[in-house]
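Participant: If you want the building blocks of each chain, they are given just below.
Protein chains: 2
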Amino acid sequence: MGKVIADISVSLDGFVAGPDPTQEEPLGKGGEGLHEWIVATKGWREAHGYEGGTTGPDSDMADRARANVGAVVMGRGMFGPSEGGAWGDEPWEGWWGDDPPFHVPVYVLTHHEREPLEKVGGTTFHFVTDGIGSALEQARAAAGDAEVLVAGGGNVIQQCISAGAVDELQLHIVPVFLGGGARLLYDLPAGSFEPIEVIGSPAVTHVRYRLKSA
Amino acid sequence: MGKVIADISVSLDGFVAGPDPTQEEPLGKGGEGLHEWIVATKGWREAHGYEGGTTGPDSDMADRARANVGAVVMGRGMFGPSEGGAWGDEPWEGWWGDDPPFHVPVYVLTHHEREPLEKVGGTTFHFVTDGIGSALEQARAAAGDAEVLVAGGGNVIQQCISAGAVDELQLHIVPVFLGGGARLLYDLPAGSFEPIEVIGSPAVTHVRYRLKSA
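First to last, the sequence lines map onto chains A and B.
Sequential numbering of the first sequence, starting at 73, is according to this note's numbering.
Sequential numbering of the second sequence, starting at 73, is according to this note's numbering.
Chain A on its own, in the form it takes in the complex:
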């Protein structure tokens, strides 16, 4: 069975989104700054249909995050905005456009039942209403020997870690401080992880932690 890998950018003061999120700023004040490093990379830009971008360790990291992924788990807020776009008569298509960058089944945690949403390029969004355990189970079955990527948001990663379901946590420690917002690792019993890889760039520090032995 493939590993379950959680992957998220975190500020130097421990936040995965800034304070006061709105429809215009769904990542909160300053939260976009957590993702500037990846948006600048050739790896991310190619996957999202843009030209240009930087090469080097950050781009390699963006490539690697998708390289062996057989299924994705994400929260409702990462699929689409929580305001605007009804779930009922006119289902919301989400943030990701017609050809999302995943190319694998994506399991979206939500309280709203909905039929699967098939996009081009191999991405189908499945809406899971019976909790994180079920989402992980379905994702593992779909991924087979490939990895399951828990892509965020922070609360979904938190739930997966709390459930003991994450094999590795790939943090991108961004040298910004947001002063508030959504915390990662806020409600876990005291414990420790094992850093197994450290890669730095002038923009961000990538640290991979092993959470449980394989």
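Hints in this document: simulated from the structure, not taken from any laboratory.
The model shown is predicted, which means the values in this text are computed figures rather than measured ones.
Beta carbons are placed, not taken as given, at the ideal position from N, Cα and C, and that holds for glycine.
Heads up, a few of these hints could be off.
[What the hints assert, rightly or not] Using C-beta positions, here's what the derived DEER-type ranges look like:
id, chain 1, residue 1, chain 2, residue 2, range
1, A, 108, B, 173, 48 to 58 Å
2, A, 120, B, 184, 18 to 28 Å
3, B, 201, A, 205, 55 to 65 Å
4, A, 194, B, 104, 45 to 55 Å
5, A, 73, B, 96, 50 to 60 Å
6, B, 73, A, 235, 50 to 60 Å
7, A, 266, B, 104, 11 to 21 Å
[As the list claims (entries may be wrong)] Computed cross-link-like contacts, DSS-like style, restricted to lysine-lysine with a CA-CA straight-line distance of at most 27 Å:
id, chain 1, residue 1, chain 2, residue 2
8, A, 101, A, 75
9, A, 114, A, 191
10, B, 191, B, 114
11, B, 75, A, 284
12, B, 191, A, 101
13, A, 284, A, 75
With the hints as your guide, set chain B onto chain A.
Facilitator: Just chain B now, with coordinates in the frame of chain A:
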């Protein structure tokens, strides 16, 4: 003039000490775990008069933290416990024994006036009651072209960063999560630092940030 370098260990969830500090556990619950990496090194052990210890990047880091230091600034809690040992008739000698590992002047921020305390090996503790600006000024004058090390605790480093006085921040990101305690970087305006060096070991990730251009 030498650089001002702040150096501190921080948990993965952003704490520089654990919750509920007591006289027995001055670093709070789990807080000792932040320093296990350095106590295990040959560099730290030699400086503190112990034998043995590990070599490698963590020990190099422990050595380097002292290599070019001409003066140290620290908070009252790092000099000695805040309970037990009076400041009056029977001045408290602090945590550091007869031969402290600093071998340079140490400026201790406190509200209690007191004569300098001279130890063997070149360490003299000076007690500064007129604030962080004064402590830094005295330390810079004593250090000359050597570095000023701001050694902690977190609130002293915070004050120095807020005052714009820190050139570089050397963080040791320890893969423990404490769930509460004393935060680093809790009351700064949003902003960013520039990572200039990343060194990893199986125990801890050392990231050096530039806070202002030299």
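Participant: If a hint holds in the structure, say so; if it doesn't, say that too.
Facilitator: Hint check:
no., hint, result
1, A:108 with B:173: 48 to 58 Å, "violated, 41 Å"
2, A:120 with B:184: 18 to 28 Å, "violated, 59 Å"
3, B:201 with A:205: 55 to 65 Å, "holds, 57 Å"
4, A:194 with B:104: 45 to 55 Å, "holds, 49 Å"
5, A:73 with B:96: 50 to 60 Å, "violated, 45 Å"
6, B:73 with A:235: 50 to 60 Å, "holds, 53 Å"
7, A:266 with B:104: 11 to 21 Å, "holds, 18 Å"
8, A:101 with A:75, "violated, 33 Å"
9, A:114 with A:191, "holds, 23 Å"
10, B:191 with B:114, "holds, 23 Å"
11, B:75 with A:284, "violated, 41 Å"
12, B:191 with A:101, "violated, 50 Å"
13, A:284 with A:75, "holds, 10 Å"
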